[in-house]
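Read top to bottom, the protein sequences are chains L and X. Positions in the first sequence are counted from 1; adding 6 to them yields this note's numbering. Positions in the second sequence are counted from 1; adding 97 to them yields this note's numbering.
Bear in mind the hints are in silico, worked out from the structure with no lab data behind them. Keep in mind that the hints are not guaranteed to be accurate.
[As the list claims (entries may be wrong)] For lysine-lysine, the following DSS-like pairs were computed, each having C-alpha atoms within a straight-line distance of at most 27 angstroms: (1) X:K131 to L:K49; (2) L:K151 to X:K131; (3) L:K45 to X:K131.
What follows is each chain in one-letter form.
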Amino acid sequence: MNLILFLSNCIIPVIILYVVGLGLSMKLDIFDIFLEGVKDGLKTVSGILPTLIGLLTAVGVLRAAHVFDYVGQALGPIIEKLAMAPEVLSLIFIKLFSSTAATGLMLDIFTEYGVDSWNGWLSALVLSCTESCIYTMSVYYMSQKITKTRWTLAGALTAAVVGVIVSILLTGMLY
Amino acid sequence: MNKIWGWMLIIGITVGLITGKSAEVSTALVESAKSGVNHAIGMAGVVAMWSGIMRLAEAEGLLDILTRKMEGLIHFLFPHIPKGHPAEKYISLNFAANVLGLGWAATPAGLSAMEALEQLEEERRVKRHPLAAEIGTASREMCTFLVINVSSLQLIPMTIIAYRSQFGAAVPTGIVLPGILATAASTAAGIIFVKIMGRRP
């Protein structure tokens, strides 16, 4: 397992070493090409800035009103049989909107229930098999001014639900 | 997108008002707008850096090699993208970066992929192709791309391992194998979903 971690930590430096080394050996104008890309990247970020402001405002309001906590509590009785903490349910919902907020909540769950508890395992698994789909959809679609997203959300939620169910099953087997 | 954003705000503000948290909601409105800018500034450097590396890899022909390696998968997921269309290249890079857990590298590739897919749609509209989506509507390929993208492709959840070790987990890396299984399941569900929806007119 430590080997896996070591290799994972090497990915970024090795990719950059390879790309730069190859460019030099091909006698390309590497610095100039790199800077052109950086310029485009900055344009990209400034292009999605309005979307980020709009989205984070909406997520901020939902969090300030504790909507995610209420969702967790409201569905509490249903999940009681699973020994799942309401916070984990809130976590699943919050992850759809923001990875940063979800990570914060996962750390709260680690503190409250313990990192190796059933709830701790489940939170870590749920976060590793889902993505913040509302965030990604907003940034990607709004970059092309697309507002009608057809079946994207349905598909994203299907994948997330399956991920969560499998996580619950796996946590049950591991714990 | 209009509905999603609108309802997020309406639900948040309504719940906040009913439960007497109007002060917190007001603060959140001001503070989150600020955090949107901070978030963008925080990501600007790393996204721009990867965008530069992506351009370099493109000039060296590395992206074409990657695309050729992933051709089978891309063609399976996106049967209607013409061979050699630039969208293939950026989708391949986005998927590869996501699998490796390089989220920041995936962003510029993903946005370039969306741009290329929108150009493909524009070409289809000009040719009055039967599959063409209207302006402002997501094409079949865009839906597929987004669903697979958000089904989570990352193999090794590095940040989660780091946090688990920080909180004193017995085996911090114990999450790797179940994580891969859960991720495989969610991605498989995403693929089945897009294959079913892709068949519909």
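Against the structure, the hints come out as follows:
no. : hint             : in the structure
1   : X:K131 to L:K49  : holds, 20 angstroms
2   : L:K151 to X:K131 : holds, 23 angstroms
3   : L:K45 to X:K131  : holds, 24 angstroms
Hint violations for this structure: none, all hints satisfied.
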